[in-house]
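Asker: Sequence:
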Amino acid sequence: MNRVLEDVIHRNASVVDRITVESTQGYVVSDNIANAVAESSFDNTSAQAIVKHIHGILVSTCQSAVRDIDPANSVCFLRLATRKFEYLVAPEEYFTVTVVQ
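Counting from 2, one number per residue, gives the positions in the sequence shown under this note's numbering.
Nothing false has been slipped in among the hints.
Computed beta-carbon distance windows for the label pairs:
1. 58 / 84: 15 to 23 Å
2. 63 / 22: 22 to 30 Å
3. 87 / 57: 16 to 24 Å
4. 84 / 46: 20 to 28 Å
5. 85 / 58: 13 to 21 Å
Don't read these hints as lab results, they were simulated from the structure.
Note that beta-carbon positions come from the ideal geometry of N, C-alpha and C, so glycine has one too.
When you get a sec, could you build the whole thing from the sequences and use the hints?
Answerer: In C-alpha coordinates:
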(Lines of atoms letter the chains of each structure in order from A and count residues from 1; the text may use other names and numbers.)
(Lines give C-alpha, C1' and ligand atoms only; values in the text may rest on other atoms or scores of the structure.)
Protein backbone atom coordinates (compact mmCIF):
# COMPACT_ATOMS: atom_id res chain seq x y z
CA MET A 1 0.00 0.00 0.00
CA ASN A 2 1.43 3.37 -0.92
CA ARG A 3 2.28 6.06 1.60
CA VAL A 4 -0.38 8.53 0.39
CA LEU A 5 -3.14 5.99 0.95
CA GLU A 6 -1.84 5.09 4.42
CA ASP A 7 -1.83 8.78 5.39
CA VAL A 8 -5.39 9.29 4.11
CA ILE A 9 -6.70 6.25 6.01
CA HIS A 10 -4.94 7.32 9.21
CA ARG A 11 -6.16 10.94 9.02
CA ASN A 12 -9.75 9.92 8.33
CA ALA A 13 -10.30 7.36 11.09
CA SER A 14 -13.11 9.51 12.54
CA VAL A 15 -14.85 9.58 9.13
CA VAL A 16 -14.68 5.78 8.97
CA ASP A 17 -16.34 5.59 12.39
CA ARG A 18 -19.10 7.92 11.16
CA ILE A 19 -19.59 5.91 7.95
CA THR A 20 -20.07 2.65 9.82
CA VAL A 21 -23.43 3.48 11.37
CA GLU A 22 -26.14 0.87 12.02
CA SER A 23 -27.63 1.01 8.51
CA THR A 24 -24.25 0.37 6.88
CA GLN A 25 -23.18 -3.17 5.99
CA GLY A 26 -19.53 -2.17 5.61
CA TYR A 27 -16.92 -0.36 3.56
CA VAL A 28 -13.94 -1.04 1.30
CA VAL A 29 -11.02 1.26 0.54
CA SER A 30 -8.98 0.10 -2.45
CA ASP A 31 -5.64 1.14 -3.89
CA ASN A 32 -6.22 2.16 -7.52
CA ILE A 33 -2.60 1.64 -8.55
CA ALA A 34 -2.30 -1.95 -7.29
CA ASN A 35 -6.06 -2.66 -7.65
CA ALA A 36 -5.98 -4.22 -4.19
CA VAL A 37 -7.91 -3.88 -0.94
CA ALA A 38 -6.24 -1.36 1.38
CA GLU A 39 -8.76 -1.50 4.22
CA SER A 40 -12.13 -3.15 4.65
CA SER A 41 -14.76 -4.10 7.19
CA PHE A 42 -15.70 -7.15 5.07
CA ASP A 43 -13.97 -10.50 4.90
CA ASN A 44 -11.20 -10.73 2.30
CA THR A 45 -13.27 -12.66 -0.29
CA SER A 46 -16.15 -10.15 -0.24
CA ALA A 47 -13.80 -7.18 -0.31
CA GLN A 48 -11.91 -8.61 -3.29
CA ALA A 49 -15.21 -9.18 -5.13
CA ILE A 50 -16.28 -5.57 -4.52
CA VAL A 51 -12.93 -4.28 -5.76
CA LYS A 52 -13.03 -6.51 -8.82
CA HIS A 53 -16.59 -5.80 -9.90
CA ILE A 54 -17.51 -2.36 -8.55
CA HIS A 55 -14.12 -0.65 -8.71
CA GLY A 56 -12.70 -2.52 -11.67
CA ILE A 57 -15.63 -2.70 -14.06
CA LEU A 58 -18.41 -0.32 -13.00
CA VAL A 59 -16.37 2.74 -12.04
CA SER A 60 -14.18 2.58 -15.16
CA THR A 61 -17.27 2.21 -17.39
CA CYS A 62 -18.98 5.20 -15.72
CA GLN A 63 -15.83 7.31 -16.00
CA SER A 64 -15.57 6.42 -19.68
CA ALA A 65 -19.22 7.36 -20.30
CA VAL A 66 -18.86 10.70 -18.51
CA ARG A 67 -15.68 11.54 -20.44
CA ASP A 68 -17.39 10.63 -23.73
CA ILE A 69 -20.01 13.28 -22.97
CA ASP A 70 -17.53 15.90 -21.72
CA PRO A 71 -13.77 15.15 -21.80
CA ALA A 72 -13.07 17.78 -19.13
CA ASN A 73 -15.43 16.13 -16.64
CA SER A 74 -14.93 13.15 -14.31
CA VAL A 75 -16.93 10.99 -11.90
CA CYS A 76 -16.88 12.28 -8.31
CA PHE A 77 -19.52 10.06 -6.74
CA LEU A 78 -21.55 7.08 -7.85
CA ARG A 79 -24.68 5.68 -6.19
CA LEU A 80 -25.95 2.27 -7.24
CA ALA A 81 -29.16 0.84 -5.77
CA THR A 82 -29.97 -2.86 -6.09
CA ARG A 83 -32.80 -4.89 -4.55
CA LYS A 84 -30.73 -5.85 -1.51
CA PHE A 85 -28.03 -3.20 -1.18
CA GLU A 86 -27.03 0.31 -2.05
CA TYR A 87 -23.43 0.99 -3.10
CA LEU A 88 -21.99 4.45 -2.55
CA VAL A 89 -18.72 4.81 -4.49
CA ALA A 90 -16.27 7.71 -4.32
CA PRO A 91 -13.41 7.23 -6.80
CA GLU A 92 -10.28 9.35 -6.30
CA GLU A 93 -6.90 9.44 -8.01
CA TYR A 94 -5.06 7.01 -5.70
CA PHE A 95 -7.92 5.19 -3.98
CA THR A 96 -11.63 4.38 -4.19
CA VAL A 97 -14.00 4.22 -1.23
CA THR A 98 -17.14 2.07 -1.40
CA VAL A 99 -19.80 1.94 1.31
CA VAL A 100 -22.45 -0.78 1.23
CA GLN A 101 -25.81 -0.02 2.85
